[in-house]
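Peer 1: Next come the chains, spelled out residue by residue.
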Amino acid sequence: MSSRNNLPLLAFATTAVLGIAVVLALLVAPEDVDQGVSQRIFYFHVPIALTAYLCFGLGAWKALRLLWVGGERRDFESYTWIHQGTIFGALTLITGSIWAKASWGVWWSWGSNQLVLFLVLFLFYCAYFMLRFSVDEGARRERICAVYALFGVALIPVSFFAIRLASDFIHPTVFTREGPQMTGTMFGSFLVCWVGITLLAYVMYRIELVGKRTDANLRELREALS
Amino acid sequence: MSALTLYASDVVALARKDLRLELRARDTLPAMLLFVLSTLVVFHFALPTGTADDAAYGLLWIALIFTALLGLARAWAPEREGGALDGLVLAPCDRSAIWLGKTLAVLVFLTAAELVALPAFALFFAPVDLVAVAGVVLASIGICAVGSLLAAMAAASRGREVILPLLFLPLAIPLIVGGVGAGISPEGATYLTFLGLYDLVFAILAWATFEYVITE
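Those protein sequence lines, which keep their order, are chains A and B. Each residue of the first sequence is one higher than the one before, starting from 1 at the first, in the working numbering. Each residue of the second sequence is one higher than the one before, starting from 227 at the first, in the working numbering.
Think of the hints as simulated: they come from the structure by calculation, not from any bench. Among the hints, a few may not be true.
Said to hold, decoys possible - Estimated spans, in silico, between C-beta atoms of each pair: (1) A:T214 x B:R242: 34 to 44 Å; (2) B:G308 x A:W104: 48 to 58 Å; (3) A:Q114 x B:A239: 41 to 51 Å.
Said to hold, decoys possible - Covered stretches of chain A (chain B as the covering partner; in silico rule of three or more C-beta atoms under 8 Å from a C-beta of chain B): (4) 116 to 126; (5) 149 to 159.
We put the CB at the ideal spot given by N, CA and C, even for glycine.
Bound conformation, chain A alone:
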């Protein structure tokens, strides 16, 4: 496989982009007039959240392909994307919580629809792992997990609307995060951060995929030997 050889190079490039992103986000981008220094977490929080969506989406896409054409490979890929999505989802919750503390003075706010959505998704995808580890390995587990992953992408927009609707009767006053428009430098820094985080997710995915495959091969080998 020639694609495996470019992984160290890719990892190096990702580190470089992330390094630039940190510098841009912390030093170059102008300070937000409204929120001050705490706004800088935005450069990581939002890209991480977008990346989590991307990971869940790719996990579901691989799941769809698995149901469509089959192949154990796709099961691993779907599983690994969802694994990354859950990691980035947890990071979204953590960074969002820190931001909420900095700008609203509370660690958790039900008024932030995005955070609530991530909490629901986080619970949903944690259950994915519970499901996966309690079904015996084989073709049926691959398909069951794939179906569950597909339910996940359907749940994202449905939950999004549900939480919007719920905030009407649970929280009549919604916090607004509207400040002045982003300047060019801010937007540029944001884009670099986004690219960096997406690359990071991809590199983590590739490494994790190799790990999971090795693990499975090892188990197979062990079973064959015993």
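Fit chain B to the known structure of chain A by using the hints.
Peer 2: Below, chain B without anything else, positioned relative to chain A:
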């Protein structure tokens, strides 16, 4: 017979099998009825005096969801215990008919439990209006459609009883939002539309994917 009537007769036969089993063994329904009543009584003591009706209304939904879970946990038990699942999969009918039959059977159980729960709730706590009842009906369809598929997944796993609520509750959150909203919000129609959309999306998804869950 056209393909559609054939499909419908398969579904009806499968649902009737579950209802007949229940009539003979009485495994699930009495438990659901008793559970929903006990929960409502527990809620009386859990709610401080002077709490608004809205809070009681939220608790009604907790009672309904957990009652549904009780029924769903046993939904595939007859098939599993009798080893009938392989036979069903081999039967010359569309596999999605198995899902639809099970969904209908569970829906009958849940409706029966709600026929007890809603009057009891109106008696103990707060009046229930027509929009709220429509919300319960629409949410029940979603609960059963999604729940019977997830219960089939959970039945294939080792930790059946533990896994099902974990799989089901995150998916049930939009239903609770819709149901509670239909009950307490002045714009009930929005919430009913939302519940209808949820039912549509997830029923189609479950119908299309059930085959993959059930086959070995």
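Peer 1: With reference to the structure, classify each hint as holding or not holding.
Peer 2: Hints versus structure:
1. A:T214 x B:R242: 34 to 44 Å: Since the Cβ atoms of T214 (chain A) and R242 (chain B) sit about 51 Å apart, the hinted range of 34 to 44 Å is violated.
2. B:G308 x A:W104: 48 to 58 Å: holds (56 Å)
3. A:Q114 x B:A239: 41 to 51 Å: holds (47 Å)
4. 116 to 126: Holds, because 5 residues of the region 116 to 126 of chain A bring their Cβ atoms closer than 8 Å to Cβ atoms of chain B.
5. 149 to 159: holds (count 6)
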